[in-house]
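S.K.: The lines below spell out each chain.
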Amino acid sequence: MTDTPILTVENLTIDIPTDTGTLHAVRGIGFDLRPGETLGIVGESGSGKSLTSLALMGLLGRSIKTRAAKMEFDGVDLLRAGARQMRKLRGARMSMIFQEPMTSLNPAYTIGDQLMEAMTLHGNGSMSDARKRAIDLLQKVGITSAESRMSQYPHQLSGGLRQRVMIAMALMCGPDLIIADEPTTALDVTIQAQILRLLVDLQKEFGMAMILITHDLGVVARVADKVAVMYAGELVETGATQEIFDTPSHPYTRGLLRCIPLPGKTARGAELGTIPGIVPSLVGDVSGCAFRTRCAHARPDCRAAIPVQSAPGQGHSFRCISPTGFAEADDTPRTAEATP
Amino acid sequence: MLQFILKRLGLALLVALTVSFISFILLFLSGDPASALAGESATDQDVAAIRELYGFDRPMLVQYASWLFDALRGDFGESYYFRLPVASLLAERLQVTMLLGLCGISFALLTAVPLGVVAAIRPNSMIDRFALFLSVAGQALPSFWFGLILIVAFSIKLQWLPASGTATWKHFIMPTIVLGYYAMPAIMRLTRGGMLEVLSSDYIRTARAKGASEGRVMFKHALRNAIIPVVSLAAVQMGFMLGGSIVVESIFALHGAGYLAWESIARNDLPTVQALILVFSMFYIVFTFLADVLNAWLDPRMRAG
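If you read the protein sequences in the order shown, they are chains A and B.
By the working numbering, the letter at position 51 of the first sequence is numbered 51, and the numbering carries on one by one without gaps.
By the working numbering, the letter at position 296 of the second sequence is numbered 296, and the numbering carries on one by one without gaps.
Hints in this document: simulated from the structure, not taken from any laboratory.
Possibly wrong hints are sitting among the right ones.
Unchecked claim - Covered stretches of chain B (in silico footprint by chain A; criterion: 3 or more residues with CB under 8 Å from a CB of chain A, positions within the stretch not fixed):
id, region
1, 100 to 108
2, 218 to 230
3, 262 to 276
What the hints assert, rightly or not - The following residues of chain A were derived to be distant from chain B, with all beta-carbon distances above 10 Å:
id, residue
4, L59
5, F98
6, T103
7, G160
8, H215
9, A305
For glycine and all other residues, C-beta sits at the position ideal for the given N, C-alpha and C.
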């Protein structure tokens with residue numbers, strides 16, 4: 001692990017024009033990633049995690065406006081890179097694994113065709129090199145009788161197998177960064193753990209940096225070196241995984257952690273927490289803390305600009321008006337359905 | 001794949017046999033062929049004589065079998081009106097119709113598919129609007145009217161193209177446009193709709209994430225999937241063009257099979273009508289079969305059925 005980040009994002013903003021106004025889907029988030037490191041981006045649906053990853057890959061639609069103070073991958077400015085330059089990066093140096101293995105493979109071509117294409121279209125070797133590499137990787141992702149799988153079509157494979165194929169495809173060119181957008185969400189629980197294990201093993205073996213997007217804190221706890229917690233398009237807390245779990249500083253992070261049972265932290269028989277309320281609309285002017293509508297400690301100041309506070313531990317910071325994130329106060333929600 | 005082709009081929013033959021039987025029977029349902037042949041002033045004896053002469057007194061199945069065996073050997077009998085073997089009449093007329101049909105479907109596909117793809121890549125753009133206008137107009141204009149307008153414009157006013165006949169390739173330009181333009185709107189809209197749907201699918205995003213160029217994404221990954229329903233539609237349109245181009249053939253005085261069908265029905269020319277119905281339905285069956293094979297090649301999921 002070297003000290004120069006391979007990926008740096010500063011103050012990334014994504015705006016989506018809609019019929020009723022501009023949707024401020026991602027607002028001023030930033031993080032960096034060193035080679036070999038794993039960043040877990042956590043948040044609920046609509047928090048902007050997938051948009052962030054698509055913005056990195058340059059895969060957002062034309063109408064979506066992406067701005068940032070800095071978005072750099074290994075010296076390449078991703079904001080100013082041309083279509084051609086982005087195409088050379090995509091699939092070759094940064095790959096992506098998607099959430100929906102059932103529909104992410106082209107039904108008209110064989111697994112082999114699609115795997116080999118990922119390599120040959122970048123000119124990284126001949127057809128026979130690509131074929132060898134593809135069979136090799138299929139074996140590596142745990143697919144038996146890899147040779148005969150090459151001539152099968154996606155509809156002949158199960159969801160778990162297809163996701164393994166997607167992982168193999170992402171690895172064809174030996175990328176430096178792999179973005180996995182909820183890679184296990186659509187799979188059976190029994191397969192989820194296998195796929196996750198596989199991703200982590202391969203990441204170690206190939207020395208790649210990884211961004212793991214998930215809403216599953218348990219996954220993050222097992223896999224990530226550091227965590228970015230997103231809420232409604234904002235980065236509410238970021239830091240090393242251990243510190244986020246030991247001293248969660250933002251009320252939302254604490255709320256999330258109360259929602260999952262953690263061995264040694266949640267007492268047997270204790271009721272799991274919920275976060276009352278819903279994610280606010282991000283259309284039109286959005287200011288202040290986005291979480292204030294659901295926060296137990298919300299006060300008038302929360303409508304103003306929110307400072308970034310630093311918490312104990314390296315690079316551990318959170319956005320809150322309170323320098324402690326109200327950690328000393330009682331987090332119990334004030335609404336009627338609050339747990340006793 | 002081979003198994004699929006053989007299965008489809010067997011099915012096509014069965015359909016062909018059924019169709020031949022139905023087309024044979026239908027003509028008997030439309031009245032007594034002997035009295036129709038004999039004319040209005042014929043006596044009962046005349047009708048009986050004609051019935052015996054043409055073999056209408058035999059059981060229907062026997063008549064069908066003998067007609068079918070003759071047809072399989074290429075003998076469709078003799079036209080009552082032209083006093084010529086129907087087979088040679090058909091051979092002559094089908095040349096014109098097949099040439100016109102091929103030109104028409106090629107024109108339709110070559111304009112509709114690219115236009116549909118471009119319209120889908122830029123939905124609601126000027127090109128999309130233009131394509132929509134073209135297809136609505138094509139759907140709304142009756143062929144006979146559009147054909148006449150073309151004749152007025154290009155044959156009478158500008159004198160660029162001949163108005164009727166089949167002597168040179170120039171004679172086929174306007175009929176091709178009229179016939180092709182009739183099929184174009186549906187193919188165009190189906191291509192556009194298919195492309196729009198496919199372009200928003202996950203595997204297109206995967207192709208882009210691989211680093212595939214836009215051209216590769218469009219043509220290798222998207223069009224192959226989007227074109228599948230278009231193939232089926234084009235097969236039906238093609239069958240229609242070969243069998244139903246009566247209007248176009250009449251306007252431009254192209255003496256093709258469609259025109260012959262119309263003449264023969266009007267004249268109660270039974271053997272010719274039977275042969276034409278059989279040939280036209282064979283066209284449909286052949287094109288549907290070819291479309292099925294092509295689609296199975298395009299989409300491996302279809303090979304199972």
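S.K.: Indicate, hint by hint, whether the structure satisfies it.
M.R.: Going through the hints against the structure:
no.: 1; hint: 100 to 108; in the structure: violated (count 0)
no.: 2; hint: 218 to 230; in the structure: holds (count 3)
no.: 3; hint: 262 to 276; in the structure: violated (count 0)
no.: 4; hint: L59; in the structure: violated, 6 Å
no.: 5; hint: F98; in the structure: violated, 6 Å
no.: 6; hint: T103; in the structure: violated, 4 Å
no.: 7; hint: G160; in the structure: holds, 17 Å
no.: 8; hint: H215; in the structure: holds, 19 Å
no.: 9; hint: A305; in the structure: holds, 36 Å
Of the numbered hints given earlier, the model fails hints 1, 3, 4, 5 and 6; all others are met.
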